[in-house]
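J.: One letter stands for each residue in the lines below.
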Amino acid sequence: MTEKLVVIGNGMAPGRVLDRLFEAMPGAYDVTIFNAEPRTNYDRILLSPVLSGEKSYEEIVIHGDGWYERHGVRLLKGNRVVALDRQAKSVKGEDGTVEPYDKLIIATGSQPIIIPVPGHNLPGVLTYRDMDDVEAMLLAAQSGGLAVVIGGGLLGLEAAAGLKERGMDVTVLHLMPTLMERQLDPAAGHLLKRELESRGIRVITGANTEAILGDGYVSGVRLDDGTEIPAKLVVMAVGIRPNASLAKSAGLDVGRGILVDKHMRTSDPDIYAVGECVEFAGNVYGLVAPLYEMANVLADDLAGTPNGGFADQALATKLKVTGIDLFSAGDFADADDRDEIVLRDARTGLYKRLVIEENRVVGAVLYGDTADGAWFFQLIRDRADISEMRDTLIFGPAYADGAALDPMAAVAALPDSAEICGCNGVCKGEIGTAIDEQGLSSLGDVRAHTKASASCGSCTGLVEQLLSLTLGDDYNPAAVQPMCGCTDLGHADVRRLIVAKGLKSIPELMQALEWKSSEGCAKCRPALNYYLLSTWPGEYVDDNQSRFINERVHANIQKDGTYSVVPRMWGGLTNSRELRAIADVVDKFDIPTVKCTGGQRIDMLGVKKEDLPSVWADLNAAGLVSGHAYGKALRTVKTCVGTDWCRFGTQDSTGLGVRIEKFMWGSWTPAKVKMAVSGCPRNCAEATCKDVGVICVDSGFEIHFAGAAGLDIKGTEVLCHVDTEDEALEVIAALVQLYREQGHYLERIYKWHARVGIDSIRAAVVDDIATREALFQRFVYAQQFSQTDPWAERVGGRDAHEFQAMKDLSFPQAAE
Amino acid sequence: MQDVGLLDDIPVAGARTVKAGAFDIAVFRTTGGKVFALVDRCPHRAGPLSQGIVHGEQVTCPLHNWVIDLASGEVVGPDAGCSQTIPVRVEDGRVHLDLTVLIDEAA
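Chains as they are written, first to last, in the numbering used here: chain S, 17 to 832; chain F, 48 to 154.
Treat each hint with caution, since some may be false.
[Unchecked claim] In the EDC-like style, the derived pairs of lysine to aspartate or glutamate whose C-alpha atoms are separated by at most 16 Å in a straight line are:
{"hint": "1", "chain 1": "S", "residue 1": "K823", "chain 2": "F", "residue 2": "D71"}
{"hint": "2", "chain 1": "S", "residue 1": "K823", "chain 2": "F", "residue 2": "D56"}
{"hint": "3", "chain 1": "F", "residue 1": "K66", "chain 2": "S", "residue 2": "E626"}
{"hint": "4", "chain 1": "F", "residue 1": "K66", "chain 2": "S", "residue 2": "E818"}
{"hint": "5", "chain 1": "S", "residue 1": "K532", "chain 2": "F", "residue 2": "D55"}
{"hint": "6", "chain 1": "S", "residue 1": "K823", "chain 2": "F", "residue 2": "D145"}
{"hint": "7", "chain 1": "S", "residue 1": "K823", "chain 2": "F", "residue 2": "D55"}
{"hint": "8", "chain 1": "S", "residue 1": "K467", "chain 2": "S", "residue 2": "E39"}
{"hint": "9", "chain 1": "S", "residue 1": "K823", "chain 2": "F", "residue 2": "D50"}
{"hint": "10", "chain 1": "S", "residue 1": "K624", "chain 2": "F", "residue 2": "D71"}
{"hint": "11", "chain 1": "S", "residue 1": "K119", "chain 2": "S", "residue 2": "D101"}
{"hint": "12", "chain 1": "F", "residue 1": "K66", "chain 2": "S", "residue 2": "D824"}
[To be verified] Residues from chain F that keep clear of chain S, each with C-beta distances beyond 12 Å, as calculated:
{"hint": "13", "residue": "T64"}
{"hint": "14", "residue": "G128"}
{"hint": "15", "residue": "C129"}
{"hint": "16", "residue": "D139"}
Bear in mind the hints are in silico, worked out from the structure with no lab data behind them. Beta carbons are placed, not taken as given, at the ideal position from N, Cα and C, and that holds for glycine.
Build the full structure now, drawing on both the sequences and the hints.
T.: Have a look at this one:
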């Protein structure tokens with residue numbers, strides 16, 4: 017029985033818990049989320065780039081609505097939990113919804129600290145915490161004017177830089193003598209102040225706010241020395257405190273935050289807490305890396321496979337203000353038993369400081385050049401003995417072992433265990449393995465498969481260097497491969513824009529997407545025709561002139577300009593009538609070669625183009641139709657004889673093959689699709705190297721996909737097991753439809769699978785019944801426009817010009 | 048000049064063939080309304096250019112994707128070669144070819 021899991025809060029930490037839980041145990045819990053914000057889960061770390069205009073909100077969404085739907089999660093947006101009843105084991109939302117739980121996760125996050133000075137609740141005083149705050153700041157910034165940011169920590173400075181970027185005149189007030197004193201030593205704090213001032217941001221340190229001024233609306237800030245600074249917008253970013261009030265009122269043990277053990281369990285065995293709302297071993301957390309670590313620990317506990325538990329670790333921070341490189345990690349307070357190594361070039365604004373304790377690095381501050389940050393951070397976490405390389409330590413890994421200075425050397429020198437992505441805890445070895453084993457070739461691929469650099473993005477450079485290091489010249493950093501010379505857009509962009517802009521013809525698309533050639537080329541035109549056809553079935557008019565000759569004349573062109581003809585033999589079955597018709601056609605039209613294909617069909621080769629309609633007419637008369645052996649389409653479904661004849665057969669594999677082929681023929685796909693059905697695991701139909709294969713077993717049907725036996729050899733992946741033929745057909749049609757919607761033109765299923773990952777495919781086609789059903793219905797809808805035998809149409813006279821010469825002049829004659 | 052048929056018999060951004068003894072001639076009609084004729088043989092492996100995809104004033108051979116300029120018959124891009132061009136005139140919606148170049152060649 018599935019247990020009910022209720023989650024209070026929908027931030028990054030619970031999002032990660034669910035990601036990991038669904039990966040480990042899909043369907044184990046019936047999940048309901050209460051979210052006080054009216055949104056899905058987004059990346060809070062990236063609010064600053066949204067504020068500064070470098071990213072849009074859509075770009076920072078982690079889980080879109082589809083994700084919740086796919087995983088069957090009920091997300092109650094804009095519904096704050098007002099009560100937790102531990103006796104009844106239920107929570108109550110502010111709209112009155114009462115939701116019982118078996119397990120509960122409290123992830124209420126944190127609240128911005130409001131300094132309780134007079135005027136703190138005036139309109140125009142904002143905090144910097146969520147998307148609502150960013151929207152309010154953007155609204156205020158529209159008309160420009162004066163802004164004051166109270167707080168010179170990470171968030172405050174990012175807010176200040178963002179508002180400045182948006183055209184406001186910004187002053188930062190900071191209580192302490194130097195900026196970001198929790199992460200930076202005074203010297204680096206000073207360099208940072210100078211940099212911000214050079215950008216036109218005013219910084220006042222040692223500034224103690226006494227009151228916020230204004231009559232009905234904020235008009236300025238007064239410091240305790242009497243200084244008054246006018247402002248129409250005041251942002252308070254002085255820190256956060258865990259939001260533990262709900263837990264406290266429910267009687268859970270609470271200190272500064274909700275107290276948890278190392279498995280994130282609260283004092284109630286059925287209640288977990290995770291994220292910024294918790295207190296662990298006296299610490300509270302606000303950076304994403306430890307929060308994601310907590311999330312992993314919690315998910316493993318929920319999945320019944322508890323790991324070693326959460327441990328407090330050294331943390332690293334980067335300031336996300338474009339053009340300012342700043343990194344700090346560990347602890348750098350002065351102490352008697354500590355030494356420091358400092359490299360300083362005030363003119364160029366370079367500053368590096370390492371804090372050493374007993375021959376180990378315990379803290380690092382880098383300003384101006386942060387490339388070695390990952391390496392120093394690793395030394396801190398490993399508690400590595402640095403006495404051997406102390407002389408050159410400050411110059412980074414390129415010098416540490418005497419190697420020549422090379423931009424790639426720093427990354428190459430890192431051990432496999434070195435952490436590259438702090439946000440998601442991904443180390444160098446994992447990324448290298450993923451690149452090798454999954455054939456990743458772009459930053460986007462690495463983000464999709466490992467999550468490295470998918471959160472704050474500050475390790476993007478490192479990941480790119482790793483790609484370059486692993487792939488050598490095969491890595492093309494201009495990540496998007498353009499479709500062809502006619503555009504800079506990649507296939508994925510074009511597919512997305514066709515839907516987003518509602519583009520419905522090739523000329524309209526070329527106009528809207530600023531094609532560089534007037535009519536495209538032989539590469540992009542067939543791709544565009546397919547994309548439009550598969551996106552707008554029944555609406556888009558197929559452009560014959562954009563199709564390759566084989567699809568225009570429904571036969572395969574051969575090296576001498578003749579054609580080959582392959583009739584469909586459903587599931588590989590034929591009979592005497594069909595064979596006789598084939599024999600007659602071969603004699604009548606003097607067809608030179610007849611051959612069996614690898615897909616259990618008969619191929620007639622060397623047919624003259626002008627004979628094609630007559631050949632088809634004779635074949636049609638015997639009931640034979642086009643086998644689409646020439647198309648980016650369903651080619652063949654190969655079968656074995658199954659329970660009809662075979663003493664080992666477990667199911668009617670021939671019957672299922674015929675059924676699949678009759679259901680799916682005629683459908684256009686990004687590249688050819690070959691299928692097979694084997695009646696038992698002996699697999700005589702060779703289903704495990706096909707685009708889609710079925711292996712029948714006593715208990716039902718194993719659905720395989722993403723095999724290859726051409727340019728590449730690859731065994732299939734198992735998609736799922738189903739009990740009935742009906743289900744098998746639905747899964748296969750949904751799978752092919754997903755491929756039709758996502759595949760890049762000429763990209764076979766196994767390459768599509770490698771690009772998007774099996775998880776996303778399984779999520780849509782197997783896990784989420786509603787999504788599968790919708791895909792299936794879209795396939796069925798499209799089929800009504802494609803299941804007409806193209807041979808019969810042409811026997812009937814369609815496209816006659818394709819098959820006849822315009823004029824036959826027996827002898828060339830001199831001009832008259 | 049030899050009358051070979053109606054302009055409208057040729058699909059826009061497409062081609063038709065004309066049989067002329069030992070030769071097949073490909074007659075192309077572009078989206079811009081121009082008509083070109085070439086001997087229907089790609090200089091690479093003799094592929095039938097009339098079966099290729101026509102884009103702008105170029106055609107891509109169906110066999111190995113060589114691109115041929117319709118006006119000059121020259122291969123475009125890194126490859127080199129040339130297909131014989133045939134002079135064309137369109138009058139009153141009818142297409143005329145000057146096939147004397149073929150006789151010269153055949154001789």
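J.: Each of the hints needs a verdict: does it hold here or not?
T.: Now the hints, each set against the structure:
no., hint, verdict
1, K823(S) to D71(F), "holds (10 Å)"
2, K823(S) to D56(F), "holds (10 Å)"
3, K66(F) to E626(S), "holds (12 Å)"
4, K66(F) to E818(S), "holds (14 Å)"
5, K532(S) to D55(F), "violated (29 Å)"
6, K823(S) to D145(F), "holds (14 Å)"
7, K823(S) to D55(F), "holds (14 Å)"
8, K467(S) to E39(S), "holds (14 Å)"
9, K823(S) to D50(F), "holds (9 Å)"
10, K624(S) to D71(F), "holds (14 Å)"
11, K119(S) to D101(S), "holds (13 Å)"
12, K66(F) to D824(S), "holds (5 Å)"
13, T64, "violated (5 Å)"
14, G128, "holds (17 Å)"
15, C129, "holds (19 Å)"
16, D139, "holds (16 Å)"
Of the numbered hints listed earlier, those contradicted by the structure are 5 and 13.
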